[in-house]
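Undergrad: Residues per chain, in single letters:
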Amino acid sequence: MKNKLFESRLKVVNAGLEAFAEALESNSVFTVRAIFSPPICGDSWQWSLINSKIGEINRANQKAAERVLAAQPFLTSMGKAIDMVPGMRKNLILHAGPPVTWDRMCGPMKGAVIGALIYEKMAETPAEAEKLAAGGRIKFEPCHDHCCVGPMAGIISASMPVFAVKNKKFGNWSYATMNEGLGKVLRYGAYSKDVIERLKWMENVLYPVLHRAIKALGEIDLKAMTAQALHMGDEVHNRNRAGTSLLYRTLAPAIIKTSNPAEACDCLEFINRNDHFYLNLSMAMSKASLDPAAGVKNSSLVYIMARNGTDFGIKVSALGSKWFTGPALIPDALFFAGYSKKDAAPDIGDSAITETNGLGGFAIAAAPAIVQFVGGSAGDSFNYTKKMYSITCAENNVYKIPAMDFKGTPTGIDLIKVAKTGIMPFIDTGVAHKDPGVGQVGAGVVAAPKEPFQEAFKAFVNLLKR
Amino acid sequence: MKNGFKIISFSRDIRPGVYFLHSSFSKAENYFRGRNIVSLVLPGVSDGPGNIVVSRLSGAKEIKISNGCIYLDGRPHKLSDKSYDPAVNFLLKIEGEKFDESRRNLLKYAPPLSMAFIFDGRREAFFSAPFLKNMLSAMKNGINLLKKGKISRGAAALSGLGHGLTPSGDDFLAGLILGLKISGRNKKAERVFTGCKTENLISIKGLKSSRKGFCTAKFKSFLFALKLGKPHLKKFKDAVEFGSTSGSDFMAGFLFSSCLY
Amino acid sequence: MPVKTIVRKGVYFDSISLMRIAEKINSISGVSDSAVIMATKENKNIISSSGLLTEEIKKASDNDLAIAVKADDEKTAASALAEAEKMLAGKKEAASSNLTAQSISQAAESYEGLNLALISVNGKYAADLAFEALEKNMNVMIFSDNVPLEKELALKKLGARKNLLVMGPDCGTCIINGAPLGFANKVNSGNVAVVGPSGTGIQEFSCLLSNLGGGISQAIGTGTRDVKDDIGAITTVQALEMLVSDAKTSVIAIISKPPQKKSMARILSAANKTGKPVVALFLGEEKELTAGNIHQAKNLYEAALKSYCLSKGESFNFVREKIYNDKISLSERIKSEKAKKNKDSKYLRGLFSGGTFASQAIRLLEPVIGGVYSNIPSSEKFKLKNSMKLEKHSIIDLGEDEFTFGRPHPMIDYSLRKKMISSEASKKEVSVMLIDIVLGYGSNMSPLADLKETLEKAVKANPALTVIAAVTGTDMDPQNRRYLIEELEKIGVMALDNNYMAAFAAGEIIRDK
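Residue numbers (my numbering), protein chains in the order written: chain X, 1 to 466; chain F, 1 to 261; chain C, 1 to 513.
If you're looking for bench data, these hints aren't it; they were derived computationally from the structure.
Treat each hint with caution, since some may be false.
[As the list claims (entries may be wrong)] Some chain F residues judged to face chain C by a derived CB distance under 10 angstroms, without partners named:
no., residue
1, Ser23
2, Ser26
3, Ala28
4, Lys108
5, Leu113
6, Asn134
7, Gly142
8, Ala156
9, Ala157
10, Leu161
11, Asp170
12, Ser203
C-beta: ideal position from N, C-alpha, C; glycine also.
Produce the entire structure from the sequences given, and follow the hints as far as they go.
TA: Spelled out as structure tokens, the structure:
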């Protein structure tokens with residue numbers, strides 16, 4: 001096998017000093033710059049250990065990723081949280097992100113808790129609700145630890161109706177509430193009378209209507225619906241218009257058949273007005289797909305990424321149900337007129353579960369409209385998605401990006417690859433105002449913070465040692 | 001996201017209309033309409049006549065400029081609040097110590113094949129190969145015609161002559177015209193301009209700008225410093241940008257304007 | 001003499017690209033004239049009067065690019081044009097904004113045909129990147145140092161198995177297929193290849209050769225440890241084997257410090273097998289090694305001269321004559337410098353950024369002026385206790401670890417050298433100061449501006465002082481070499497383009513009659 005370097009056209013990849021790349025280019029040499037960044041953690045001893053076990057780790061990751069890719073998430077029914085959510089109690093309030101205590105909660109989340117307590121009739125005024133929340137009788141636990149997911153503040157209380165999604169392949173379930181709409185809503189921390197009234201209407205009118213329709217349909221294949229949405233310009237995190245339209249199309253005939261015209265009209269109108277109605281389902285579907293990947297020995301696959309407006313948390317397959325956390329960052333966003341970074345709340349919501357599932361920011365190349373909205377160009381969207389392939393273990397078998405020749409989205413974040421390359425998963429997200437009840441103030445892209453991954457890395461290495 | 005396309009400033013001499021892609025380089029994109037060129041340039045390149053300074057290049061095939069807005073392949077972007085006035089609004093005669101210092105700097109830094117040889121015959125040695133020797137002859141012929149007062153003929157002889165995407169002679173004449181304009185010798189400037197018959201649109205952009213007494217921000221900064229009598233080596237270097245030959249040839253022509261009577 | 005032309009319509013290349021193409025064509029030996037020019041009426045007249053006009057160019061217009069080449073024979077003209085074509089095509093790709101990738105692997109997956117990885121990241125990570133590159137079937141140049149020895153050995157063994165070159169670690173200079181990699185100069189292309197662990201040695205050799213009128217086919221740096229027995233000259237031998245079948249290479253030069261025993265044996269054996277003449281410089285090697293196709297040289301100049309002679313088919317008489325003539329042409333200047341000296345002027349102080357130049361100077365000067373103190377002395381008894389406190393005759397390598405810790409390399413950053421120049425110049429007993437200035441890619445881009453004031457002051461401070469600067473470079477380098485030398489002379493510095501001659505001159509000025 002002769003070395004043909006001297007007879008070939010020189011094509012160089014440069015890793016390191018920029019001056020060298022410039023010198024080559026000024027001599028008309030084809031030059032690619034490898035943007036190298038050192039690992040974000042780990043000394044050489046730890047990396048040696050990882051390298052020596054890399055074969056087992058990769059095999060374990062393939063196993064975990066296969067579980068994710070084999071998921072069959074179906075929307076099968078609805079019910080009240082107290083009846084459907086494992087471990088739900090009257091005095092339990094579920095929230096987005098990793099565990100957090102009342103005093104550490106950010107503004108929007110506190111506002112949402114207050115609203116929930118008033119909704120549950122456990123308090124009559126906001127002041128009462130605050131006292132109750134701080135008192136100690138109300139327990140706060142992550143949605144994720146009860147098979148649920150919630151966008152933004154992600155507050156779920158006992159009386160709230162939830163969608164029930166079943167992963168038919170493995171038999172596990174996940175739950176999420178119905179999306180209230182935009183602006184002054186509970187998930188952004190609003191708790192005024194309209195908010196509570198709307199929640200009541202959803203409980204008393206929307207929920208029964210949808211419940212009957214879903215029963216009549218039997219089930220809705222969420223994976224197929226999401227795949228189609230991806231072909232229509234959605235990434236099902238920040239852009240859900242196509243998904244919502246497809247859902248509407250599926251539900252409408254069933255709703256009309258099973259409900260009286262007035263109710264049917266109101267409910268359809270409600271869904272029609274909310275471009276993000278599909279979001280809660282894409283989140284629940286993603287959680288149902290990822291949960292079976294937990295507990296695979298030696299697997300460094302990240303199966304949860306979630307934020308609560310104070311902390312960012314992840315869970316890793318081999319490390320079971322332990323949360324690894326670090327401070328949540330403020331997204332680099334395009335702010336709506338009149339707002340700026342100083343108004344923003346830190347990253348919040350369980351919606352990062354979509355990215356964890358190879359959707360959202362990871363599929364942004366399928367949704368160029370979003371990139372423009374957040375200040376980039378269509379070309380930028382390709383680069384974002386492309387970057388994520390370096391830190392994932394698989395290409396999705398169902399979620400494909402038309403503009404990239406139907407390449408599968410990067411799925412299955414590998415903790416080891418993240419630690420090694422320093423390329424952080426990125427999430428495209430809405431940004432909430434840091435004060436409760438104001439609403440969304442912008443949209444942008446945020447890279448996951450390093451600390452949770454550094455902590456998880458340490459624990460992973462310790463596990464390997466044994 | 002830091003990669004958003006932004007318009008940072010634009011030159012006030014740009015006229016509305018649709019322009020089509022002419023050429024693109026690592027720091028600039030040129031669009032033409034008839035015989036006019038508008039350029040999108042990166043911040044490292046100067047504000048200047050016909051230039052719009054942008055945060056990054058657009059990749060657009062076609063741009064449309066209308067009041068307040070520029071459309072890149074149909075996508076609108078608001079024009080910046082910041083605008084650039086390309087006109088040199090003062091008179092300046094380059095003579096004496098100001099001239100000497102600039103001439104010395106030019107000789108120090110100009111690349112081998114630039115027209116700076118007109119100020120130091122030893123530079124003619126750079127034109128060593130047979131082709132280059134012939135080139136040098138033709139250039140000297142043009143210069144002599146100019147010196148003898150045969151302005152249009154001299155300009156015609158130099159127009160289109162020399163190395164570079166914009167031939168050295170064209171850059172030289174653009175500098176010469178500017179030098180004549182800002183020292184108040186408008187008639188002479190016109191005579192030089194009429195002698196130029198290049199079809200190279202980018203050369204034409206430079207010649208027309210100089211004819212109107214316009215120049216880039218970096219060059220204007222250099223002129224200010226000259227007028228105020230302040231030391232100006234850095235501004236000189238910025239104005240000339242010794243990376244390619246155009247700047248040196250332009251400066252040679254500019255300085256040469258004081259040798260024409 | 002045949003003329004060949006290309007015309008490119010409606011494409012725009014910036015002036016710098018056009019200049020590069022012109023330079024490239026002109027540097028090809030056998031080309032007697034060329035033009036790379038926009039086909040305006042005036043330019044076409046010049047083309048015509050130069051005998052370069054063809055029908056193709058006649059028909060071209062203002063917005064077309066015309067390239068014409070006149071050469072000794074059809075073949076040379078055609079290959080010169082082919083080079084130009086390549087550069088025209090290459091430039092388009094490079095200009096389409098920077099090509100980037102997230103890692104070496106991703107680069108290999110996204111871009112076809114990548115055949116070399118140039119790695120200059122922190123030594124901690126360099127080896128991993130190099131393994132990655134070898135996995136993807138790329139040759140590797142590792143500029144980084146502080147890579148563990150075991151990793152270097154593992155890399156080179158893997159490279160040898162896969163028939164891929166591992167150049168480095170601590171490899172500062174390569175020229176592959178005419179392209180400068182790392183710290184390298186722009187030199188003529190030709191039929192001499194050079195291999196070795198010394199970066200600055202390769203730089204000076206390639207410049208001397210180019211300035212003589214010869215040219216470089218390939219310059220392959222092997223990394224500083226390659227010639228140690230721990231590594232066993234794996235890369236040197238591999239390079240020699242590759243050069244056997246390289247049609248463009250007729251002469252091979254090896255520039256190195258003396259290899260250790262096993263490595264030396266392997267190198268000599270491989271050199272023998274090449275079947276091509278080999279000029280070997282093992283700086284400091286006492287043994288006589290000239291035998292068969294191997295011609296030994298004792299210094300960089302001799303190496304360049306012998307290589308030049310072999311490449312042009314001339315006899316080595318030229319070597320002796322040239323060195324003799326060079327020395328003669330310096331004699332007047334040497335005389336006048338000696339005349340400046342007073343009774344205090346005694347010592348030589350050499351401040352070098354290139355270790356090879358420092359070593360070469362020490363070896364040349366010790367027989368002439370006696371023991372020379374250094375941080376890299378020829379024998380232990382002349383080791384400086386404190387590398388910054390120079391005594392008697394001293395020559396130091398400012399690129400050594402004690403100077404570079406926490407600082408950029410002295411080839412880029414002159415601050416330490418300037419300080420030492422000033423302090424040494426103020427000492428009455430310093431008679432001659434010897435410095436090197438290395439030009440080329442990667443080095444300080446404005447050496448004159450940086451050094452001018454310091455040197456002016458030094459010369460003023462001590463009128464009896466002689467400052468000699470050896471400038472390594474060519475006229476094609478990004479720094480303006482011609483002006484640098486002229487201006488240095490104007491200041492009163494003896495500016496030479498040759499480290500050997502500079503050391504020689506220093507010795508002559510110092511020695512008692």
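Undergrad: Take the hints in turn and mark each one as holding or not.
TA: Hint check results:
1. Ser23: holds, 4 angstroms
2. Ser26: Check passed: Cβ of Ser26 (chain F) comes within 6 angstroms of chain C, closer than 10 angstroms.
3. Ala28: Hint holds; Ala28 (chain F) Cβ to chain C Cβ min 9 angstroms, cut 10 angstroms.
4. Lys108: Holds - the Cβ of Lys108 (chain F) comes within 10 angstroms of chain C, reaching about 7 angstroms at its closest.
5. Leu113: Hint holds; Leu113 (chain F) Cβ to chain C Cβ min 8 angstroms, cut 10 angstroms.
6. Asn134: With a closest approach of 5 angstroms, the Asn134 (chain F) hint holds.
7. Gly142: holds, 9 angstroms
8. Ala156: Hint on Ala156 (chain F): holds, closest Cβ of chain C at ~9 angstroms, below 10 angstroms.
9. Ala157: Interface hint status for Ala157 (chain F): holds (7 angstroms vs cutoff 10 angstroms).
10. Leu161: With Cβ-Cβ at 4 angstroms, under 10 angstroms, it holds.
11. Asp170: Check passed: Cβ of Asp170 (chain F) comes within 9 angstroms of chain C, closer than 10 angstroms.
12. Ser203: holds, 9 angstroms
In terms of the numbered hints stated before, the structure departs from none.
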